[in-house]
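Colleague: Residue numbers (my numbering), protein chains in the order written: chain A, 7 to 684; chain B, 7 to 684.
None of these hints come from the bench; they were simulated from the model.
Among the clues, some could well be false.
For identical chains, the list gives no copy identity; a pair is met inside one copy or between any two copies.
[Said to hold, decoys possible] As a list, the in silico DSS-like pairs of lysine-lysine whose alpha-carbon atoms are at most 27 Å apart:
{"no.": "1", "residue 1": "K634", "residue 2": "K204"}
{"no.": "2", "residue 1": "K511", "residue 2": "K66"}
{"no.": "3", "residue 1": "K301", "residue 2": "K446"}
{"no.": "4", "residue 1": "K630", "residue 2": "K536"}
{"no.": "5", "residue 1": "K553", "residue 2": "K542"}
{"no.": "6", "residue 1": "K294", "residue 2": "K547"}
{"no.": "7", "residue 1": "K232", "residue 2": "K316"}
{"no.": "8", "residue 1": "K476", "residue 2": "K66"}
{"no.": "9", "residue 1": "K331", "residue 2": "K542"}
{"no.": "10", "residue 1": "K635", "residue 2": "K204"}
{"no.": "11", "residue 1": "K325", "residue 2": "K539"}
{"no.": "12", "residue 1": "K301", "residue 2": "K539"}
{"no.": "13", "residue 1": "K403", "residue 2": "K542"}
{"no.": "14", "residue 1": "K304", "residue 2": "K663"}
{"no.": "15", "residue 1": "K635", "residue 2": "K271"}
There are 2 protein chains.
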Amino acid sequence: METILNKLRKAAPAAALLLTVAAGTALQGCQKTNGNDATGATASALSSDAASQVYVAPGKHDELYSFLSGGFNGQVSVYGLPSGRLLKIIPVFSQHAENGYGYSEESKAMLQTSHGFVPWDDLHHPKLSRSKGMTDGRWLFVNGNNTPRVARIDLTTFETVEIMELPNSAGNHCSPYPTNNNEYVIAGTRFSVPLDMKGGTGDVSLDSYKDTFRGSISFIKVDQEKGDMDLDFQILVPGFDYDLANGGKGPSEDWVFFTTYNSEKAGTLKEVGASQNDKDYLAAVNWKLAAKYAKEGKAREMPANYYHNKMDKGTHTAKSTVKKKVRYLLPEDCPGLMYLLPAPKSPHGIDVDPSGEFMVVSGKLASAIPVFSFSKMQEAIKNKQFDGEKNGIPVLKYESVLAAEVKEPGLGPLHTEFDGKGNAYTSMFVSSEIVKWKLKDFKVVDRIPVYYSVGHLMIPGGDTKEPYGKYLVAMNKITKDRYLPTGPELAHAAQLIDISGEKMKLLLDFPTVAEPHYAQAIKADLVAPKSVKFHKLDENKHAYVAKKESDASVTRQGNVVRVKMTAIRSHMTPDNIEGVQVGDTVYFHVTNLEQDWDVPHGFAIMGANNAETLIMPGATQTLKWVPKKAGVFPFYCTDFCSALHQEMQGYLRVSPKGSNVPISFSTGKKKAASVALK
Amino acid sequence: METILNKLRKAAPAAALLLTVAAGTALQGCQKTNGNDATGATASALSSDAASQVYVAPGKHDELYSFLSGGFNGQVSVYGLPSGRLLKIIPVFSQHAENGYGYSEESKAMLQTSHGFVPWDDLHHPKLSRSKGMTDGRWLFVNGNNTPRVARIDLTTFETVEIMELPNSAGNHCSPYPTNNNEYVIAGTRFSVPLDMKGGTGDVSLDSYKDTFRGSISFIKVDQEKGDMDLDFQILVPGFDYDLANGGKGPSEDWVFFTTYNSEKAGTLKEVGASQNDKDYLAAVNWKLAAKYAKEGKAREMPANYYHNKMDKGTHTAKSTVKKKVRYLLPEDCPGLMYLLPAPKSPHGIDVDPSGEFMVVSGKLASAIPVFSFSKMQEAIKNKQFDGEKNGIPVLKYESVLAAEVKEPGLGPLHTEFDGKGNAYTSMFVSSEIVKWKLKDFKVVDRIPVYYSVGHLMIPGGDTKEPYGKYLVAMNKITKDRYLPTGPELAHAAQLIDISGEKMKLLLDFPTVAEPHYAQAIKADLVAPKSVKFHKLDENKHAYVAKKESDASVTRQGNVVRVKMTAIRSHMTPDNIEGVQVGDTVYFHVTNLEQDWDVPHGFAIMGANNAETLIMPGATQTLKWVPKKAGVFPFYCTDFCSALHQEMQGYLRVSPKGSNVPISFSTGKKKAASVALK
């Protein structure tokens with residue numbers, strides 16, 4: 007197989023590559039055989055070495071947190087490295103039956119959008135917040151792809167605390183990219199759509215793609231202290247597809263770069279139509295200048311309709327605000343704002359080296375990897391080395407901005423990260439390998455097969471000024487026979503590679519939840535010490551909190567019955583409730599009175615549709631229920647909390663509508679007075 | 007700390023135990039320190055040994071599949087052993103944003119119940135199907151706890167294929183227990199509720215608990231070839247709480263045993279009220295005799311209302327059947343059907359040893375573990391060694407059925423499994439340890455601390471006639487500092503212990519998704535060879551399948567628009583659709599044409615609420631969408647499938663209601679005729 011690959015590498019050009027794309031599956035099958043051989047006979051000494059490198063003994067902690075996107079599950083998965091153990095799934099854009107996110111009354115507003123409630127979306131790129139170009143362990147920003155949104159996760163609680171919807175966007179894929187001090191989180195559209203600056207419907211013929219479709223780049227301002235986001239303005243850009251983005255650093259830190267494909271503006275069968283041009287573009291945007299233009303009144307305003315959802319810390323309750331307009335800039339009005347750099351064919355990843363001088367562009371159908379020079383780009387702009395323009399945006403001459411091309415790197419380059427020691431690592435989808443090359447002379451120095459068809463790769467801090475060049479994680483798109491089979495649906499496959507030496511060394515295969523598209527990792531000591539252990543009951547400002555058992559109550563107001571309930575080992579108060587009627591709307595506001603680490607309580611009641619909720623110590627969560635029939639319905643704690651957990655249980659009686667059973671509630675023998683409000 | 011524990015062990019009795027329960031958290035904190043010490047200084051040689059025992063080198067497979075329940079997430083998690091790697095989450099009783107279970111039109115019916123659609127429930131006990139008392143790797147049965155149901159997972163596809171709701175049940179906890187050849191899967195209620203055999207509402211005062219509440223045991227018949235389930239009959243039992251169950255084997259294989267607590271019939275503050283009696287009961291039921299009684303006309307019939315949901319193999323579509331009656335037996339009518347064995351205090355686990363002679367009952371508040379003898383029980387029944395009766399059920403004399411008590415085992419015994427080499431292993435919740443004792447003389451021979459507060463434990467096949475006594479998995483209820491912290495919500499903690507030698511040896515901590523209550527494990531070669539790689543397109547009988555691109559179509563019938571779409575690397579057909587109007591109900595029936603392993607395609611469209619679906623090769627999945635506004639909505643493949651995945655995309659135009667844009671669809675340049683039905 008190696009021979010065929012080498013022949014293909016040498017034959018190189020696009021036609022052969024397209025053939026190779028089709029042959030991808032066959033290659034994967036063959037490589038598997040090689041892989042098994044490699045890990046066979048001679049490998050047992052190596053194997054025990056690798057075993058001790060990834061083993062985290064009981065009671066010890068992993069060295070790094072890694073945050074892998076879940077892709078089509080809409081969530082973020084937190085893995086410890088080097089063990090590859092799944093520490094938590096953080097729900098972001100999808101409901102999560104593990105902890106009630108998107109099911110509880112408190113969290114439902116997080117998933118509200120201008121299209122209504124979206125219980126399941128597609129999440130791609132996690133990016134850690136930055137201080138002076140270095141990840142600071144405060145927040146994690148992630149993108150919602152299908153329903154364009156950017157979310158912020160708080161790394162003291164590992165909870166999604168804010169979601170900002172993006173108007174004028176479709177397929178929010180080159181997103182989110184925080185600048186070096188989180189001044190902005192920047193997000194570009196993958197798909198262009200008809201944009202009507204006067205707020206029209208956008209109901210146009212699909213044949214009008216070339217004339218009416220546009221993309222957009224959103225600039226979300228971030229509060230430096232609190233992290234709060236606000237959509238400041240957008241730039242409306244030509245109707246290409248925008249794929250990935252990354253910010254500059256050091257000399258280039260005022261700039262952000264976007265790969266584009268489909269500069270052909272094909273509106274159908276893009277597989278063919280968007281692969282016609284020999285070159286598409288890297289779009290370079292001066293974000294600082296953009297912010298200046300926007301501030302100085304260059305921005306116009308258009309009608310829009312988008313949601314901004316925030317989780318309130320005190321009430322543990324999310325609220326939505328609907329925004330009705332958005333400011334925008336047009337590149338043609340803003341000289342110096344944006345340039346296009348020609349980049350061979352259908353580029354996917356754009357990655358900037360730690361010095362900020364080199365922009366590496368991986369053309370997924372290209373036979374070489376172009377590396378652009380930021381200083382040459384500045385020079386070329388000054389000298390107006392243009393090759394015409396597109397929609398009023400100057401196109402720079404390819405040769406004027408090129409530092410070098412990495413030759414014969416492999417097939418299907420997608421993404422590049424850096425180790426901080428002068429090396430770059432590029433993932434090769436088609437030839438299923440990671441290729442290491444030197445920034446000094448752009449020469450390939452090592453390659454290692456991965457199983458199979460790697461997409462993103464990640465080095466902790468590998469996109470910052472100072473990478474932590476010890477490990478690399480390959481996120482592979484095809485799994486096949488890497489793990490015990492689980493029917494047609496398989497886990498995705500990540501591989502941990504030791505990059506501390508001259509030669510890369512494969513340490514561990516670990517399966518991942520859903521499909522990781524990119525990841526971030528950070529040393530544990532930047533996050534762990536700030537981790538919150540429980541919510542302080544004193545600071546709980548939930549509208550229906552019961553801070554002690556004597557605050558528990560059941561009240562009726564019309565056909566709404568509110569149960570303020572407390573949970574503490576090992577009973578709920580109240581645990582006997584009567585007087586509820588068929589058709590009432592019953593809210594169980596359950597407060598977990600525990601003030602200790604890792605003592606959640608759960609609450610479930612038979613007959614409820616959204617059957618459960620889970621409540622962390624000190625918090626209040628609400629389950630809503632409209633009983634459909636009369637009877638006695640047991641409720642209980644769903645999280646094994648003590649030796650008497652099985653006894654932590656109660657009953658609610660539902661009587662027919664119009665019944666004269668009064669509201670009453672009790673625990674043990676103490677009967678409590680009912681409360682009826684008008 | 008050890009000293010205090012020992013003192014407590016010696017002081018033993020119930021009062022001290024209750025104090026200890028309260029002190030549980032404090033104990034856990036102290037033990038942590040010990041644990042860290044233990045894994046420190048002298049431990050590095052041991053550590054590297056353990057590392058190589060759990061390391062599964064890249065390209066190699068785990069030795070065993072383990073199936074851990076997810077508890078309050080309603081799912082089953084599949085982990086490879088010994089690596090502890092999460093291979094798959096199988097959705098059962100909850101929606102799952104990873105693969106669309108409970109979201110796609112095909113799977114929604116799986117979550118329908120007599121209470122309506124339940125998107126999230128609580129799952130506790132996985133049990134593998136059996137042949138001659140040995141796990142056979144065909145199916146996995148699991149219980150829905152809050153909304154009483156039993157589900158069957160097919161282990162050729164790792165998919166939930168059947169869910170049977172159980173009437174007259176509440177908190178379906180001692181469930182499901184397959185007999186030795188899956189003749190029946192048996193399920194008992196945890197909570198008793200008012201049962202009205204005439205189909206009345208059950209709207210009674212909670213004060214009437216003692217008089218009106220009853221439990222039930224359900225007998226689900228299983229088709230020996232296909233696995234199809236059907237509720238055959240129930241036994242209505244006294245109004246205790248029923249906690250766990252297990253079947254006999256060998257001499258006792260006609261019997262199934264249930265622990266009960268709350269024989270006090272307390273209806274409030276059970277923490278106190280259900281802990282009054284010195285002894286509750288082990289209920290022994292002769293299931294074969296029960297089946298005979300039911301067959302011979304002893305069963306009466308009562309009105310009921312419950313769902314039976316099945317996934318059809320050919321259409322990949324679930325259908326619900328609603329059942330309206332159920333047969334029941336009363337123990338008082340059926341001599342020899344059921345006996346009660348007094349068991350000290352509030353017993354939790356009941357586990358039968360491989361020979362079928364010993365029934366081990368773990369009283370969570372008891373100071374010793376009683377082991378009952380099946381042969382003595384038979385003898386005592388014959389000799390009528392009764393101590394009165396309860397609701398017409400004879401109570402056997404404690405001494406007449408006791409084989410022995412395991413003395414000073416530890417605090418808070420919960421569950422016991424067996425290694426097939428004459429040893430039993432019991433989990434101790436309060437003293438956080440696994441205790442090994444001999445079946446020969448009931449003497450404790452080893453103990454190992456676990457972190458923290460172990461609930462269930464599992465030895466592969468440890469509940470069968472021939473356990474695979476190499477590993478033990480402890481499923482711990484408290485995690486605290488075992489992993490890098492992730493805010494207030496932590497993963498649960500499993501620990502893998504080597505039990506192949508005289509002394510138990512801790513190998514690995516691995517975090518688990520949600521809260522595992524029990525698990526099963528089986529050697530990989532009993533499952534892996536039968537694993538299905540993809541669905542055969544030829545055998546796809548979905549009502550709206552498109553088996554080739556030329557079958558793709560868009561049809562309107564009134565305000566329903568059906569899109570029969572195909573997906574294959576790297577385009578969808580059609581990829582341009584016009585003529586849809588605001589307010590239409592649009593069904594996207596997407597067929598994945600791939601016939602290769604591990605090439606799923608996803609489908610997402612902007613604007614849709616249930617935004618996505620995921621389609622395995624050869625299958626058809628449906629996303630439903632009611633567009634709310636006019637415009638152009640991009641759709642795309644959400645699972646990275648090829649080098650041109652990013653190009654796998656299309657557009658749908660929505661026009662205002664009443665617009666005269668005709669239905670049309672196309673791919674590339676070929677315009678296809680629209681189809682309009684009346």
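Colleague: Find the hints from earlier in the document that the structure breaks and name them by number, from lowest to highest.
Modeller: 3, 4, 6, 9, 12, 13 and 14
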